[in-house]
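Can you make the complete structure from the sequences, with help from the hints?
Chains as they are written, first to last, in the numbering used here: chain A, 383 to 650; chain B, 383 to 650; chain C, 383 to 650; chain D, 383 to 650; chain E, 383 to 650; chain F, 383 to 650.
There may be inaccurate statements among the hints.
If several chains are the same, the list does not tell them apart, and a pair holds so long as it fits within one copy or across any two.
Within a straight-line C-alpha distance of at most 27 Å, the following computed BS3-like cross-link-like pairs (lysine-lysine) qualify [to be verified]:
(1) K557 <-> K544
(2) K620 <-> K438
(3) K394 <-> K587
(4) K438 <-> K557
(5) K587 <-> K544
(6) K557 <-> K394
(7) K620 <-> K544
(8) K557 <-> K587
(9) K593 <-> K394
(10) K593 <-> K620
(11) K438 <-> K394
(12) K544 <-> K438
(13) K593 <-> K438
(14) K438 <-> K587
(15) K587 <-> K620
Calculated directly from the structure, the hints in this document are not laboratory data.
There are 6 protein chains.
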Amino acid sequence: MKDVISQYRIDKEPYYRAVSDEIAVYDAAYSVRMPMMLKGPTGCGKTRFIEYMAWKLQKPLITVACNEDMTASDLVGRFLLDANGTRWQDGPLTIAARFGAICYLDEVVEARQDTTVVIHPLTDNRRVLPLEKTGELVSAHPDFQLVISYNPGYQSVMKDLKQSTKQRFGALDFKYPEPAIEEEIVSHETGVPREIAGKLVSIAKMARNLKGHGLDEGISTRMLIYAGNLIANNVEAKRACRVALAAPITDDPDMRDALDAAVTTFFG
Amino acid sequence: MKDVISQYRIDKEPYYRAVSDEIAVYDAAYSVRMPMMLKGPTGCGKTRFIEYMAWKLQKPLITVACNEDMTASDLVGRFLLDANGTRWQDGPLTIAARFGAICYLDEVVEARQDTTVVIHPLTDNRRVLPLEKTGELVSAHPDFQLVISYNPGYQSVMKDLKQSTKQRFGALDFKYPEPAIEEEIVSHETGVPREIAGKLVSIAKMARNLKGHGLDEGISTRMLIYAGNLIANNVEAKRACRVALAAPITDDPDMRDALDAAVTTFFG
Amino acid sequence: MKDVISQYRIDKEPYYRAVSDEIAVYDAAYSVRMPMMLKGPTGCGKTRFIEYMAWKLQKPLITVACNEDMTASDLVGRFLLDANGTRWQDGPLTIAARFGAICYLDEVVEARQDTTVVIHPLTDNRRVLPLEKTGELVSAHPDFQLVISYNPGYQSVMKDLKQSTKQRFGALDFKYPEPAIEEEIVSHETGVPREIAGKLVSIAKMARNLKGHGLDEGISTRMLIYAGNLIANNVEAKRACRVALAAPITDDPDMRDALDAAVTTFFG
Amino acid sequence: MKDVISQYRIDKEPYYRAVSDEIAVYDAAYSVRMPMMLKGPTGCGKTRFIEYMAWKLQKPLITVACNEDMTASDLVGRFLLDANGTRWQDGPLTIAARFGAICYLDEVVEARQDTTVVIHPLTDNRRVLPLEKTGELVSAHPDFQLVISYNPGYQSVMKDLKQSTKQRFGALDFKYPEPAIEEEIVSHETGVPREIAGKLVSIAKMARNLKGHGLDEGISTRMLIYAGNLIANNVEAKRACRVALAAPITDDPDMRDALDAAVTTFFG
Amino acid sequence: MKDVISQYRIDKEPYYRAVSDEIAVYDAAYSVRMPMMLKGPTGCGKTRFIEYMAWKLQKPLITVACNEDMTASDLVGRFLLDANGTRWQDGPLTIAARFGAICYLDEVVEARQDTTVVIHPLTDNRRVLPLEKTGELVSAHPDFQLVISYNPGYQSVMKDLKQSTKQRFGALDFKYPEPAIEEEIVSHETGVPREIAGKLVSIAKMARNLKGHGLDEGISTRMLIYAGNLIANNVEAKRACRVALAAPITDDPDMRDALDAAVTTFFG
Amino acid sequence: MKDVISQYRIDKEPYYRAVSDEIAVYDAAYSVRMPMMLKGPTGCGKTRFIEYMAWKLQKPLITVACNEDMTASDLVGRFLLDANGTRWQDGPLTIAARFGAICYLDEVVEARQDTTVVIHPLTDNRRVLPLEKTGELVSAHPDFQLVISYNPGYQSVMKDLKQSTKQRFGALDFKYPEPAIEEEIVSHETGVPREIAGKLVSIAKMARNLKGHGLDEGISTRMLIYAGNLIANNVEAKRACRVALAAPITDDPDMRDALDAAVTTFFG
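Structure, rendered in structure tokens:
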């Protein structure tokens with residue numbers, strides 16, 4: 383089973399540009415194994431942050447992209463059938479608890495309630511995971527920690543974490559980085575010059591003001607990196623912005639015009 | 383099967399600070415094996431109380447975190463397949479009934495109705511559990527008792543226990559502890575000085591007045607312990623309150639301001 | 383299979399206090415094996431009555447607590463897998479039909495429609511149960527009788543028995559017993575003196591007037607027995623009434639006050 | 383497989399009292415194997431009629447009580463697992479088609495649409511039943527006929543047969559029998575004198591006028607037989623009418639009074 | 383596998399009375415294997431037409447009656463278990479694609495969307511069917527063609543084919559035949575004299591005007607054949623029309639009167 | 383496993399008529415393995431474009447027609463049972479990731495959310511696919527790329543890609559081709575003369591103006607090819623337009639008239 387866990391180790395330092403004291407706070411939270419919630423919009427760096435922390439703490443990281451069809455079994459495990467009958471197969475949460483990984487449940491609010499309730503006994507002082515189907519009570523490894531992500535601009539009344547779940551987590555707020563930092567990130571990740579990266583960040587700044595006025599979300603750092611990548615591969619800048627920044631997120635003609643105008647301002 | 387039950391024994395006295403005569407009433411209820419319902423908000427100590435009582439009575443405790451996707455089979459048991467065909471595997475409720483544990487169904491109202499109806503024959507004078515899939519009629523062990531938790535501020539019309547279920551239980555009301563007691567608990571659990579603990583309790587008192595005026599729930603004792611833990615790990619007090627008390631439960635700017643103001647009053 | 387049925391025999395006469403001619407009418411109904419419906423509020427003695435009749439008629443009694451996730455297979459049976467392939471396992475209804483038990487479907491209205499339709503061929507002159515999955519047509523044993531319970535104050539428009547089901551049953555109405563009889567029952571079941579039992583019955587009488595004016599159901603005989611049990615175990619009477627009569631059924635402050643006032647009138 | 387079908391043969395002439403030319407019309411329909419629909423209220427004799435016709439035509443009768451959780455597999459068949467792998471098990475419709483029985487789908491409208499569509503190829507000139515799971519195309523036996531029942535006072539807009547299903551059937555209308563005939567039936571089935579039977583029929587006549595004015599359905603012939611049975615077993619007539627006619631179908635105090643008044647008129 | 387396909391061959395010419403150039407158009411469509419949609423009301427001859435064309439083109443015809451509980455697996459195939467483990471069983475669509483049959487999906491709109499999407503790759507120039515469960519990519523046999531039926535008067539907004547499905551088919555419109563042709567059909571199919579058949583057709587014409595004014599659908603050619611069949615079996619004409627034309631499709635007294643009046647006009 | 387992937391190679395250059403710089407942009411996107419979204423109406427050439435690009439890049443192409451009943455298992459894979467127990471079978475997405483194909487998810491918005499979330503880890507810098515059921519973490523082959531299609535005129539509020547999914551893709555907009563190009567395509571694909579093809583394109587142009595004024599979608603290039611095919615097979619032009627252009631998409635008499643008028647204008 384050592385092999386199962388070793389594939390989740392992060393050998394190379396991920397590129398992460400800190401924006402505040404988030405690394406120190408997370409260190410303190412991990413030292414008491416406090417369950418943590420990373421809050422913020424899509425594509426702002428939450429996943430990269432947890433990868434960085436896992437590397438810094440030298441702990442394996444098991445990431446699960448949650449979805450509304452995911453069941454508790456997908457997290458906890460299930461019986462498989464082999465030549466000698468059924469055999470229990472640990473799910474990612476059980477592997478993490480058993481071998482001492484950080485378990486990162488991405489967009490946990492998408493999951494059905496049973497997946498969120500199944501984590502409760504791992505988040506209070508018992509730190510146990512009852513495998514009801516086998517009758518085993520797994521005591522979490524001392525290194526185990528539970529982390530979830532949460533997009534506050536995203537939850538409907540119908541689909542939100544229960545208060546009794548939220549109260550089991552400390553929380554760190556994430557936003558898009560400040561312009562200078564974001565410019566540094568885009569340039570680092572794509573290889574385009576700082577000047578080009580700066581123009582892309584300026585376009586994003588204008589577009590983010592459209593959030594709630596025709597756009598559901600602003601343009602994320604990830605999208606700027608896509609645009610930068612196309613430019614670095616010889617696609618003309620305005621065309622690259624169309625393909626990577628505008629076309630994916632809106633088909634509304636007015637929004638398209640507004641985004642084109644922003645692009646023209648900087649790449650006119 | 384002795385091993386199955388022994389893992390549910392509580393060897394070490396759990397820290398529990400009584401707030402009223404709840405221990406004596408529970409003793410009386412257990413002496414006639416009356417099914418009990420623990421009512422109160424999330425994080426106020428219901429789970430800790432039942433752990434304490436199980437330790438005091440020297441009975442194993444089987445806790446099940448209920449959820450809306452849980453089925454009667456998750457409680458009662460199911461058939462597994464091995465080399466000789468199907469084999470019955472007792473669920474947690476059946477193990478508790480068979481071996482004489484206290485079975486604690488946490489947030490039972492979240493479960494589907496079949497999980498609540500399946501407990502009926504265990505709560506009247508028959509004290510039996512029919513395993514319909516095997517045709518066995520399990521008579522409960524003399525030590526068996528059923529306990530459920532229930533959060534009164536939480537149930538919708540759509541999702542509540544049926545009257546015919548409620549009437550099968552005696553009930554104990556729980557609240558957040560009085561300030562002096564809560565201060566004692568926070569200090570004991572985190573190691574922060576009584577003065578710091580007292581400030582955290584005062585912040586919680588202010589925040590609990592916001593319940594129903596922008597907050598769905600007040601700040602629980604558990605959250606105060608989280609904040610204390612961060613402070614004890616050298617996170618600055620105001621930052622710790624933000625991470626542990628405010629950020630997890632609200633994203634509303636007004637509520638954030640109100641909570642920040644409360645924090646500044648004591649840690650300004 | 384004799385063992386399967388013998389566990390459902392009732393060896394000891396259950397305590398049942400008749401309130402009218404219900405025993406004679408049931409005897410007549412059983413003599414023509416008329417399917418019967420026991421109607422009345424929760425906790426008024428329907429289950430005890432059918433246990434008593436099963437003992438009196440010396441027939442095994444198979445009780446099934448119905449619920450909305452119960453399927454026809456839970457009643458009729460299913461295929462299990464063993465070393466030689468699938469093997470049919472009779473469900474409780476099939477066992478009752480095959481071996482001549484009284485089958486009592488408690489709160490049948492909670493079950494999905496397929497469970498109610500599956501009983502139709504057992505309730506007309508054919509008295510057969512087709513096991514569609516095996517192709518067997520089970521002819522009911524001459525002793526077999528079907529009994530269901532039904533709480534009239536409880537059914538919504540959405541969830542009621544179909545007329546074509548109701549018309550297949552004779553029906554007996556049950557109510558809470560007259561005060562003198564209820565006092566006798568509470569004293570007999572708990573060992574408290576008739577005077578204490580009488581006070582509990584008087585409290586129940588006042589509380590039952592609140593049904594429909596803030597309480598969904600009145601206080602049942604079962605709850606009075608719970609209160610008596612706590613008193614017999616040295617819990618102070620007012621506290622016992624709070625734990626056993628008020629706290630389980632309401633969290634409304636006004637209702638709590640009204641119930642407390644009723645308790646104070648008799649135990650002040 | 384001969385044994386499978388032989389259990390569906392009706393050896394003894396069922397008691398059936400014809401009310402019109404329904405026997406002759408059915409004979410003509412059967413001679414061209416026209417699929418038939420029996421329409422009428424619950425408990426008016428549809429099931430008894432088809433049993434009689436099956437006996438008269440000397441064909442086996444396979445009756446399926448349809449319900450909303452029934453699937454096409456419940457009608458057509460399924461794979462079972464035995465020591466040599468999966469084995470196909472014909473469902474009741476397939477057995478009927480293969481061996482030439484009359485297949486009677488009782489309350490077919492309750493079934494899910496797939497059960498109604500699965501019968502389509504059996505109702506047009508192909509008279510085939512494709513078993514999609516085995517790849518077999520079963521040609522119906524020359525004796526096979528499909529019959530369904532339908533309660534017109536019962537269907538909601540949400541739950542009705544599709545036009546494309548209805549048009550595949552001839553239809554016979556059934557009502558409660560004329561008073562003289564119903565009196566004859568009740569007396570024959572219960573052994574009570576014609577005078578008592580006549581009074582029961584008169585009560586039914588009054589009660590049937592309440593249909594749509596507080597009662598969902600009238601009192602059926604079946605219920606009159608229940609009342610007669612209790613009377614024949616020495617239950618007093620008014621009590622028998624309460625148990626068999628009023629209590630099963632209504633809890634409304636006004637309706638109870640109206641039915642009691644009708645009973646008093648004849649058994650006062 | 384030759385046997386699987388041979389049972390779908392049509393050896394005898396089906397009786398089909400052409401009403402327009404539908405045979406020539408279909409021939410052209412088949413020559414380029416254009417997927418076809420047959421549109422028209424229930425019972426107007428769509429199924430008979432495709433049977434005739436399959437006979438004329440000498441291709442096997444696999445008909446699937448679609449329904450809302452049908453899954454993609456019912457069309458494409460599934461794994462079965464035998465002594466050596468799982469074995470793939472082709473579904474009707476896969477058999478048709480593999481062996482070159484015409485696959486006729488009757489009332490395809492009733493099926494769940496996955497059944498309609500699964501046909502997409504078979505309807506564009508790739509003509510492939512990916513069996514995702516086996517990883518096989520079935521290239522359609524050169525003779526394979528896909529045909530669906532569609533009742534335009536029938537679809538609700540909720541349940542309609544997607545535009546991206548509709549655009550993959552050529553379409554032929556069907557109506558009830560002209561009176562002279564319909565008279566010829568009814569007489570041919572039932573053996574009643576042309577005069578009787580003509581009266582039945584006239585009744586149908588009157589009834590079809592009631593569509594949308596109290597009747598959901600008109601009387602189909604199939605129903606006229608039913609009526610003719612009963613008349614040919616010595617049921618009196620008015621009674622036959624009641625059983626075959628009126629009773630199956632309406633219980634509304636006004637509609638019954640209107641249909642009776644139409645019948646009396648011709649068979650009075 | 384080489385055989386599994388080789389069946390997805392495209393050996394022959396597909397006919398694709400470029401309309402803009404889409405080939406160059408796609409080349410750049412592929413060079414950084416940017417996930418791509420092809421947006422545009424049904425039948426405008428998106429599928430043909432991706433087939434062409436796969437041929438040009440000499441990569442295998444695995445196309446999956448998404449639907450609302452598709453589960454994550456249909457994409458990722460599942461356990462099958464064989465003589466030695468369960469065996470894992472890669473789904474199409476896993477095959478593509480493992481062997482380096484372009485995976486094209488057609489109409490991905492139709493799929494349930496779990497299918498869209500399952501692609502997330504393949505679209506960020508990790509490029510991994512966790513097979514939770516086996517515990518394997520598949521690292522994508524360097525050649526792997528993910529492509530989805532999306533019809534903007536088609537999505538309801540209820541059914542749209544989540545922002546957090548959209549932001550993971552670059553996007554290319556597709557429209558129906560310009561008239562001259564579309565004429566060239568229709569003529570090339572069907573063999574009809576340019577003049578006939580031009581008339582068909584002119585009819586389409588008129589019909590596309592009806593979109594949103596009675597038609598849900600315009601007439602696609604694919605439909606023009608169907609009409610051309612019928613004409614090339616000697617169906618008269620007006621009849622061919624009726625069968626291929628009008629009848630499949632509308633039953634509204636006004637729309638039929640409008641389309642007939644357009645046809646008459648050019649083929650009058």
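The hints, checked one at a time:
1. K557 <-> K544: Classified as both; 23 Å inside a copy, 19 Å across copies.
2. K620 <-> K438: Cα proximity of K620 and K438: across copies only (26 Å, versus 39 Å in one copy).
3. K394 <-> K587: neither (32 Å within a copy, 46 Å between copies)
4. K438 <-> K557: within (22 Å within a copy, 41 Å between copies)
5. K587 <-> K544: between (33 Å within a copy, 22 Å between copies)
6. K557 <-> K394: Intra 25 Å, inter 44 Å, cutoff 27 Å: intra-copy only.
7. K620 <-> K544: Between copies only: 25 Å across chains, 44 Å inside a chain, cut-off 27 Å.
8. K557 <-> K587: within (13 Å within a copy, 30 Å between copies)
9. K593 <-> K394: Neither. Shortest intra-copy (36 Å) and inter-copy (46 Å) distances fail the 27 Å Cα cut-off.
10. K593 <-> K620: Close inside one copy (21 Å), not across copies (31 Å); limit 27 Å.
11. K438 <-> K394: within (10 Å within a copy, 35 Å between copies)
12. K544 <-> K438: Answer is neither: 31 Å inside a copy and 32 Å across each miss the 27 Å cutoff.
13. K593 <-> K438: Neither way: K593 and K438 sit 34 Å apart in one copy and 39 Å across, limit 27 Å.
14. K438 <-> K587: neither (31 Å within a copy, 38 Å between copies)
15. K587 <-> K620: within (17 Å within a copy, 30 Å between copies)
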